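Chains as they are written, first to last, in this note's numbering: chain A, 816 to 1221; chain B, 1283 to 1465.
Simulated from the structure, these hints should not be mistaken for laboratory data.
Among the hints, erroneous ones may be present.
[To be verified] Covered stretches of chain B (chain A as the covering partner; in silico rule of three or more C-beta atoms under 8 Å from a C-beta of chain A):
1) 1289-1298
2) 1304-1310
3) 1381-1390
4) 1414-1427
[Unchecked claim] DEER-style ranges, computed between Cβ atoms:
5) G876(A) to H1435(B): 45 to 51 Å
6) D1412(B) to G902(A): 42 to 48 Å
7) R1029(A) to T1286(B): 19 to 25 Å
8) A898(A) to D1370(B): 31 to 37 Å
9) V1053(A) to S1385(B): 45 to 51 Å
10) T1286(B) to D1098(A): 27 to 33 Å
11) G902(A) to M1283(B): 32 to 38 Å
12) V872(A) to M1283(B): 54 to 60 Å
13) G1110(A) to T1389(B): 54 to 60 Å
14) D1370(B) to V875(A): 50 to 56 Å
A quick note: this is a predicted structure, and the numbers were derived from the prediction, not measured.
Just so you know, even glycine gets a beta-carbon here, dropped at the ideal spot from N, CA and C.
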Amino acid sequence: MDEHDYDYRERLSRDVAGWRRAGIIDEAQERAILARAGAGEPKAVGALRMGWLVSAVSVVGAIVLAAGVVLLFAANWEEMPDAFRTGLVVAAIVAAYAIGYALVYRFDMQRTGSAFFLLGVLLYHAGIFLIAQIYNMPVESPWLWLLGAAGAFPMAYAFRTRIVLLLAIADITTWVVVALVTRYEEFPESMSVLVVVGVLGVAMYAAGRLHELRTDLRHYAETYALAGALILLGLVYVFTFDEPWRELIDSADAYAAPPVIYVSIVLASVLTAVQWVTSQRRDVTRHLEAVAQLGLLALAAVVSTWPEWTGYAVVFNGVFFGVAGAFIARGYLLADERYVNGGLAALAVGLITRYVDVFWSLLAGSAFFIVGGVLLLALAWAAERVRREIIRGMAEGGPAVQGVAS
Amino acid sequence: MRLTPLQKLILVAGLQLFLLAALLGFKGYTVLTGETIVLAVAPVDPRDPFRGDYVTVRYDISTIDSDEVAGDDYVEGTVYVELREGSDGYWDAVALHEKRERSFDGTLLIKGHIESQNYGLGAGYSYEIDYGIEEVFIPEGSGTTVAEVPRGHLGVEVKVDRYGNAVARHFVVDGAPLDLERQ
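Could you put together the complete structure from these sequences and hints?
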């Protein structure tokens, strides 16, 4: 049985467990489905369902180990000469890859082997920070993050590892943020260039859609799309507060949008247009998606060019809740509850933020918490209802159910 | 050409090690070939989550008044500051240039970037210059040792190569390396 069979059976075993909990199928049907896929034995089912646990534990192990190495080097022990420390990190990178290779290709242990590949990439990052420490490079040096991405992307693509891809995307995002923050230190430019981060989110989403065009790249599509949506959501959240807009109006006399904003918007628009034109699925959802992306990019251009309006906070609140709603809708259409849960979480964060924003100064401390508690319970009740309705909709003739758990 | 997993791994690991070596070589060149100078500083003390404790320093040459030095009156962007060793062992700015050129003998050039400029006390400008060596990493918990050095006695040993690139090495007190004690 090859790796894809394992993956399929493991996913199926998780899915049918979810369907049974949701009441869509009964225990006999669950057993019949698994038996048809060649995994009817209870022990085999148990082993398949343990796969995610092995992945989770080994990934956490790799991250904890790498964190320990970073902290060891950060302590900067003078007793360890620079050359020894550098040699140590290089040896650790080579060892992590060698162990990972042996586990995956000699002992058929995909999950722990992949965790060692992740460890190797994390140690590579530790190496960058170590060398930067040895030579006292500036703390706010954005290039270190770009160097991190340059080493992580090839590993992600060569060994089809999505967690390393996520790390590489985090590197790129950090590079953009640090480069912008260090290049544009003065307000209002320092705030307006943050728009580029949101534009990066849209571009990342488009890159995800473009990855769907080739069978061998489809594996990465969802990671890009999800990361792009989260980056966008994070940036839009920052712009939902009205204080920065007021400050911006006060100091907008000498303001001119930095060219990097327009360059990034043009690049992201081209990417989105290519995504739209080349989309294999010609349904309404895909058209709406591309139109929404281009609409966000147009909004970014308008906001950057004419920022003197307090109403933008309201607009960005609308965008934030709109994107959260789109998350839920996407989860419903794809029958993927991760998006439903993510969208509901974003919705809750947005509502709580606005509640604190509006009522913190208006209510006495005790009233604030009592009213807040009641509202949160009401929100939880409403979210639970919406979630159950959506999941029931998925079960009754909706799209194919994927990982549903009530 | 289809690569085997082992070939892919060797290529990716090789690329990562090459990038690390490039980073090492980029600064290593300055350290190996550069001239050693000592610059007077005043410290402050924070921490980086990935690299540990460091001291942010402000050099005497971080602020230069164009009236007080030779060279160009008005500069912007990347600049070259001409340094000469003083009688106290610290290197002081004697000229400011927009190009990599020197006005005096027995001096060296350090590359910097103009962070801001203001009207100086005289007719010229007062420049705030960043040299990319404003953070000096120290052993964990040894920051107070640096803070306890009396003002005017603390310096940083810096390597400067012939292109003006600088790498901060370590703290010195009255010319001798500072012994950093963990608290």
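Against the structure, the hints:
1. 1289-1298: Held - the segment 1289-1298 of chain B has 7 residues with a Cβ nearer than 8 Å to chain A, which meets the minimum of three.
2. 1304-1310: holds (count 4)
3. 1381-1390: violated (count 0)
4. 1414-1427: holds (count 9)
5. G876(A) to H1435(B): 45 to 51 Å: Holds, at about 48 Å.
6. D1412(B) to G902(A): 42 to 48 Å: Since D1412(B) and G902(A) have Cβ atoms about 32 Å apart, the given range 42 to 48 Å is violated.
7. R1029(A) to T1286(B): 19 to 25 Å: holds (21 Å)
8. A898(A) to D1370(B): 31 to 37 Å: For A898(A) and D1370(B) the Cβ distance comes to about 33 Å; the hint holds.
9. V1053(A) to S1385(B): 45 to 51 Å: Roughly 48 Å apart at Cβ, these two residues keep to the hinted range, so it holds.
10. T1286(B) to D1098(A): 27 to 33 Å: violated (40 Å)
11. G902(A) to M1283(B): 32 to 38 Å: At 33 Å between Cβs, range holds.
12. V872(A) to M1283(B): 54 to 60 Å: violated (37 Å)
13. G1110(A) to T1389(B): 54 to 60 Å: 59 Å Cβ-Cβ, so the 54 to 60 Å window holds.
14. D1370(B) to V875(A): 50 to 56 Å: Since the Cβ atoms of D1370(B) and V875(A) sit about 55 Å apart, the hinted range of 50 to 56 Å holds.
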